[in-house]
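Here's the letter readout for the chains.
There are 2 protein chains.
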Amino acid sequence: MATMVTPAEAEAEIRAIMHERIDAVRDKNAAKLVAHHAPGVLSYDLLEPLQYRGIDAVRQRGQTWFDGYDGPIVYEIVGLQVVAAFDVAFCYGLHRVSGTTKGGRKIDMHWRATQGFQRIDGAWRIVHEHASIPFDMNTGKVSFELKP
Amino acid sequence: MATMVTPAEAEAEIRAIMHERIDAVRDKNAAKLVAHHAPGVLSYDLLEPLQYRGIDAVRQRGQTWFDGYDGPIVYEIVGLQVVAAFDVAFCYGLHRVSGTTKGGRKIDMHWRATQGFQRIDGAWRIVHEHASIPFDMNTGKVSFELKP
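So the protein sequences, as listed, match chains Y and S. The opening residue of the first sequence carries number 1 in the numbering used here; numbering runs sequentially from there. The opening residue of the second sequence carries number 1001 in the numbering used here; numbering runs sequentially from there.
Derived by calculation from the structure, the hints in this document are not laboratory data. Check each hint, because a few of them may be wrong.
[As the list claims (entries may be wrong)] Calculated pairs, BS3-like style, for lysine-lysine (alpha carbon to alpha carbon, straight line, at most 25 Å): (1) S:Lys1106 with S:Lys1147; (2) Y:Lys147 with S:Lys1141; (3) S:Lys1032 with S:Lys1102; (4) Y:Lys141 with S:Lys1147; (5) Y:Lys102 with Y:Lys147; (6) S:Lys1141 with S:Lys1102; (7) Y:Lys102 with S:Lys1147; (8) Y:Lys106 with Y:Lys28; (9) Y:Lys106 with Y:Lys147; (10) Y:Lys102 with Y:Lys32; (11) S:Lys1028 with S:Lys1106; (12) S:Lys1102 with Y:Lys141; (13) S:Lys1106 with Y:Lys141; (14) Y:Lys28 with Y:Lys102; (15) S:Lys1106 with S:Lys1141; (16) Y:Lys141 with S:Lys1141; (17) S:Lys1141 with Y:Lys106; (18) S:Lys1102 with S:Lys1028; (19) Y:Lys106 with Y:Lys141; (20) Y:Lys141 with Y:Lys102; (21) S:Lys1147 with S:Lys1102.
Construct all of the structure, not just a fragment, from the sequences and the given hints.
In C-alpha cells, the structure reads:
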C-alpha cells in the first residue's frame, strides 16, 4: 500500500490543505478554494438552500462570497482540530472573517466549520463540508456578533 | 490489534449508533442521546452559543429540546452518508423532526447534521457534532420551512 500514511502524517496533510484554504480566501481565488474538493462534494453552507451538491456549486458559492467584499478579506481559523486515520479524516474549528462589503458594511464575524476528507488515489479530497452560524430561538435570527 | 474492524464493519457500527440516536429522540431520553458521545465532545448546535463543550452540556441541551415538545417527536434522518476507516469516521445527513411544542406550535422542519467519530478502546465515540439551519442573507433569519 504505497499510499499508506501514519495518522500524524495524515494530520499534517490536512492542516496543510486548510492552510491553503486560508490563502485561497485571502487571495479571493475560488478555483484555489476548491482545489482539494471531491467532484461530488456535498456542502452544507452558511446560506440557503439546505445543501449544495458538487464542486461547481461550491466554487460558484465561493466566488459570490469573494465578490461581496471590497478590498481585502482578513481570514483565520481558530482552534482547528484534526482527527485523521490513514484514509479518512475530519476537522473542525471556528472561521473568522473581517473586511468591508461592497455595500460599505464592516464585517467581523465567526462561524463554525467542519470538513470531512477521504484519501482517494493518494490525495485528500473534501467530500463533505458544513459551515454555519447558530440562531437565537426567540428571534429565528443568526448573530454576526458571536465570539468564542 | 483485537479492535481492528473493516471499513464495512465500521460503517455498520456507525449506522447502528445513528439508529439508536433516532430511538433516543423518539423516547425523549437525553441520557440515551449521549450514550456514544466522548466526555470532551465539542458540539456546534442549532442554537447559540457558537459551541457547547462536554457531554453534560450536550445532554442538557438535548433535555431542553425534548422538554419543549408536547407529546411525541417524529424524527428521521434522510440520506445518511457514512465515511469510515477502522478508527475514524464521520457521517452526515438531513434530520427531520415534526411534532407540537408545549406552546402549541406545529413543527415540521429539516436541519443538517454532521457527526465525527473516533474508535476509542474498541468503542465508537462522537467527539464532534455539528447541527445547523442555513440562513437567508437578506433577513438574517433561518427558515424552518426548508425542504431537501
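So, going through the hints one by one against the coordinates:
no., hint, result
1, S:Lys1106 with S:Lys1147, "holds (16 Å)"
2, Y:Lys147 with S:Lys1141, "holds (19 Å)"
3, S:Lys1032 with S:Lys1102, "holds (22 Å)"
4, Y:Lys141 with S:Lys1147, "holds (19 Å)"
5, Y:Lys102 with Y:Lys147, "holds (24 Å)"
6, S:Lys1141 with S:Lys1102, "holds (23 Å)"
7, Y:Lys102 with S:Lys1147, "violated (31 Å)"
8, Y:Lys106 with Y:Lys28, "holds (18 Å)"
9, Y:Lys106 with Y:Lys147, "holds (16 Å)"
10, Y:Lys102 with Y:Lys32, "holds (22 Å)"
11, S:Lys1028 with S:Lys1106, "holds (18 Å)"
12, S:Lys1102 with Y:Lys141, "holds (21 Å)"
13, S:Lys1106 with Y:Lys141, "holds (19 Å)"
14, Y:Lys28 with Y:Lys102, "holds (14 Å)"
15, S:Lys1106 with S:Lys1141, "holds (19 Å)"
16, Y:Lys141 with S:Lys1141, "holds (4 Å)"
17, S:Lys1141 with Y:Lys106, "holds (19 Å)"
18, S:Lys1102 with S:Lys1028, "holds (14 Å)"
19, Y:Lys106 with Y:Lys141, "holds (19 Å)"
20, Y:Lys141 with Y:Lys102, "holds (23 Å)"
21, S:Lys1147 with S:Lys1102, "holds (24 Å)"
Hint check: a violation occurs at hint 7 only; the rest are consistent with the structure.
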